[in-house]
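Just so you know, the sequences run in chain order A and B. Counting from 6, one number per residue, gives the positions in the first sequence under our numbering. Counting from 145, one number per residue, gives the positions in the second sequence under our numbering.
Hints in this document: simulated from the structure, not taken from any laboratory. The structure presented is a predicted model; accordingly, all values stated were derived computationally and were not measured. One or more of the hints may lead you astray.
[Unchecked claim] Pulled from the structure, derived: some chain B residues nowhere near chain A, Cβ distances all over 10 Å: (1) Ala-174; (2) Lys-183; (3) Gln-188; (4) Arg-203; (5) Leu-270; (6) Ala-317.
[Claimed, not checked] Restricting the straight-line Cα-Cα distance to at most 20 Å, the calculated cross-link-like pairs of lysine to any residue (SDA-like) are: (7) A/Lys-56 <-> A/Glu-17; (8) B/Lys-183 <-> A/Lys-56; (9) B/Lys-183 <-> A/Gln-385.
[What the hints assert, rightly or not] Residues from chain B that keep clear of chain A, each with C-beta distances beyond 12 Å, as calculated: (10) Arg-149; (11) Val-197; (12) His-218; (13) Phe-219; (14) Phe-224; (15) Met-236; (16) Arg-272; (17) Arg-274; (18) Thr-278; (19) Trp-285; (20) Arg-297; (21) Gly-307; (22) Gly-319; (23) Asp-326; (24) Pro-327.
For every residue, glycine included, the Cβ atom is placed at its ideal position computed from N, Cα and C.
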Amino acid sequence: MTAQAPISGEIERSGGTWRFAANQPLRLDSGATLAPLEVAYETYGALNAQKTNAVLVCHALTGDQHLASNHPITGKPGWWDLYVGPGRPLDPARHFIICTNVVGGCMGTTGPASTDPRSGAAYGLTFPVITIADMVRAQAMLIEAMGIETLFAAVGGSMGGMQVLQWAADYPEKLFSAVCIAAAARHSAQNIAFHEVGRQAIMADPNWCGGAYLAAGLRPDKGLAVARMAAHITYLSESALQRKFGRELQRDGLSWGFDADFQVESYLRHQGASFVDRFDANSYLYITRALDYFDLAGQHGGVLANAFQRARHVKFCVLSFSSDWLYPTSESRDVVRALNGAGCRASFAEIETDKGHDAFFLDDPQLHQTLHGFLAAQAQARGLA
Amino acid sequence: MSAVREDFREILSLVRPGARVLDVGCEDGALLELLTRDKGVDGQGLEISPEGVAACLARGLAVVQGDGDRDLDHFPTRAFDYAILSKTLQQMREPRHVLSELLRIADQAVVSVPNFGHWRVRWALLSRGRMPETGALPEPWWSTPNIHLCTLRDFTTLCDDLGLRIDACMSLADGKPARSIDPRQPIENWRAETALFLLSRKIDAGVVAAAKSDLFG
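For reference, chain B alone in the conformation it holds in the complex (with noise of 0.2 Å):
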């Protein structure tokens, strides 16, 4: 059996044991099996290829063919215990409202980006002064799925925008042990390739709105 993938070990350890879990972006529901089979999660997934539907289906798993950008409205709130975003974040039409409906669905999110402020990449546009074709970021401009990519620090500042908790980071990189980190640190902006959280809402941020909406009309 082919090694577990980097990312795929560590979304393994942030998960709880029996969870309810929603992948959205399942492709062939490689990740949905992992976590049925060592976690006992009851799992969904969404895939938008139908191949990939295929595959989860042959797998015995729930896969929906759908789309992240339009399909997550129709989730009754708080339905998971966790909704699982794996590197497509930056592929959707609009990533914000999808990570706010994430946290609506769910009580945490894993979530994993790509770095546009990594070393190789500033480099890449500095030297070359092209777009980067890096190991996390492989496509040519004109064909990249990647249309809203953003730095660590672009991330943790939406985070903070939508009221989001930081639970967790990690930071992937091809061949090496994922490293946990504080993504608020400048220097990993420059050293993270990918980074991996587990968020959450902040609790009180919800109450604090009502109460203020409550004060001020």
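Same shape as in the complex, but just chain A (with noise of 0.2 Å):
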């Protein structure tokens, strides 16, 4: 592995690329293996001696393993820099997070853009599916390599809140308590419908190449663009977007053509162009099929609760948000439902906003406050300080 040393500051950080031996593939449910893998991390914070403070967050769709801390491309702060710090529902003085890149990922864990050891070019297309059991399988080898036995918490949101719920289901030993935010237990016609047609998008778009672009030294960054337009409008209620931009125009009357008049379709254009910056065509491919192929209750005979039958020692905490579409509080209900079903203490929550989806990204009051609550009433279950 190759591991940067701890950023003085006021967060212990440390990370880099976990790199497995060719005889320990990673082994995927459609029947291929992968090898060999390479896990890129972060962690923030130290390892206790008992080595019962860690924490592992899972990232969503376009996330990566920049939780807390400036992303290398975009320079933004990390994805949850709101929820990591000093004083926050994560806090590195008291617990080790750690974030995993997902397998398919574009940010330094194996992916379709990593090299094909084989070929000795990039895998593109040749790529296996991967599904979200097999993210969840490779965080468990990076935990285990690390000579962690127990996971304090699992945490996510959406795609991630997806992989704590499987992490319930395939390795419950290894866990002591779960959050599960703004997810499903499976996806959706209309899911699958809105990733159907970003898909599209970017195989529409003829710099694609039929997946073998970067052989090729082109980008479909046109295609990958629209179809984060579109998925980003799942992200946000149609409420949060009235108010933000309502009618408004870039500019003072209408260009009776078709650049973008409306500041939503600037915003939205934006948001294409510089999602491609920072994100693999490919990767998109793959990591939405493996979300469109999730379904917890299909791996296990059609019944939710039975995913959950030997996770009952774990304490879960489910939240949702009101004004969220793409994964509705029904979606949460079902699953605190099964956990019910099936004896675990659950804990669920439906936070009033209307910010959307992506209301798990932002400062909200009551979200920190249930985080808050809850890791530290696990904590001091699990003899933390």
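Now that you have both chains on their own, put them together as the hints suggest.
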């Protein structure tokens, strides 16, 4: 592995890429194997002597391991910077916080842009199809390699929340508590439909070159930007979009053409254009596919409660946002009912907000308070000071 | 520290240490916290208000934001030793269903109900001809959440209908010590302002019903 020294400052941080040996492949749900596997990660804080304070934070579709450190490409603060730090729900003074880039990602963990050792070229579409369970299996390999037997908590929002649920199903013995925010136990038809629009936009871009754009020295930026624009709409509520932009114009008067007349158009174009700088189009295809394939009940005989039968000792906290129409409250309720049905102790709260799915990235006092209360109580139960 | 609420103190004395407890309508979690601290129970709350849920989470309690009318169905049978429903049965849309659900989920139920047969209630109705507003029922008719009020006799009749056994009953009144009572005594239907019941399924009731249906189809 390569690791950078902890960066001095208020948060003890380290990270790097964990390289698993060729004889330690990642076994995939599809039956394929992936080797050698590399997992890019960051950690914040220090593992205590008893190794009981590790928290795994799982990122969403377009997130990465830069949880609370500036992003190397955009220079922006980490995606959950607001919730990590002294006095915040995840506190490096108390927790050893781990965040990994998912398998299939494009920020250092093995993904379609990585080099296929057999060909010496980028995998492209020869990369095997991966699942949420595969992402979790890679995380479990890293945790084990770090010498950590049990996670104090697995925490995640959106796709990260799905990984948390998968952790509870596949590795309950390695979990003490679990926090699942704005997620669902399966992808709905509507979820799949939106992803299909994004994938088709990428594949319709001539620069995509059947997935071999890296070899051709091209990038399907237009297609990827459209995919991001469509997806971004699903992350916001109708009322938030209306409040933020209404019918406001970019300039005085209409252009009587197809320039970005409306502020909302300009905003979406900006979202699309800035996204392509930091994300790989094939990664977007693979990760959205993993999400679409996600169906935790389907993996357990069609009964969601069966997924949690071995997780009765795990304390769960499930949170949803009232205006999230991507993974609405009803989906979180289904998870909670299944947890109750399996005899698990679960907390559930619907956080009142009009900011839609993206609310989990934003500074929400109720989310702060809830996470803080839950994790503090679990820390006490775990014997962490 | 403020004095423990009278009904809480009684509930505390009824619950076995280390039991699994579901508190339906747990509000800010004050009772669950007491039960956890003093009795070491494994507790789970169900609460509809966001403020209550936030308060419970801040106390470190397991709480589900939900509704006693809708969300009991999802708990497995006999998942708890006790289900507590404190002063909210009369606010449920379907108290009969809720009561039988409580005793499906748990072996015993602790249920408290304000007694509409209390003499003050009867007197208020008789003398003024208006809906009573008393200590146990303080709201005017147009804003009261109490939509299914009953008397002590109504409640014991419902218990009989559902095949429930009354293991204990206490009369509660503000500022007075709790009194163990026989809720079927007519005088108690006048005297008890609020009654706290410990209920369980009649073990043989189900067996008898099953045997009957076997015999007579």
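Hints, one by one, checked against the model:
1. Ala-174: The claim stands: B/Ala-174 keeps its Cβ more than 10 Å from every Cβ of chain A (closest is about 15 Å).
2. Lys-183: Since the minimum Cβ distance to chain A is about 16 Å, B/Lys-183 lies beyond 10 Å and the statement holds.
3. Gln-188: violated, 6 Å
4. Arg-203: violated, 7 Å
5. Leu-270: holds, 45 Å
6. Ala-317: The claim stands: B/Ala-317 keeps its Cβ more than 10 Å from every Cβ of chain A (closest is about 35 Å).
7. A/Lys-56 <-> A/Glu-17: holds, 17 Å
8. B/Lys-183 <-> A/Lys-56: violated, 31 Å
9. B/Lys-183 <-> A/Gln-385: Holds - the C-alpha atoms of A/Gln-385 and B/Lys-183 are around 18 Å apart, at most 20 Å.
10. Arg-149: holds, 23 Å
11. Val-197: B/Val-197 is in fact no farther than 12 Å from some Cβ atom of chain A, at 5 Å.
12. His-218: Not fine: 4 Å to the nearest Cβ puts B/His-218 too close to chain A.
13. Phe-219: violated, 5 Å
14. Phe-224: At about 10 Å from chain A, B/Phe-224 fails to clear the 12 Å cut-off, so the statement is violated.
15. Met-236: holds, 19 Å
16. Arg-272: holds, 41 Å
17. Arg-274: Given a closest Cβ separation of 38 Å, the condition holds.
18. Thr-278: holds, 35 Å
19. Trp-285: The assertion about B/Trp-285 holds, with a minimum of 30 Å to chain A.
20. Arg-297: Holds, since 35 Å exceeds 12 Å.
21. Gly-307: holds, 25 Å
22. Gly-319: holds, 34 Å
23. Asp-326: B/Asp-326 clear of chain A: closest Cβ-Cβ about 36 Å, beyond 12 Å.
24. Pro-327: holds, 32 Å
Of the numbered hints listed earlier, those contradicted by the structure are 3, 4, 8, 11, 12, 13, 14.
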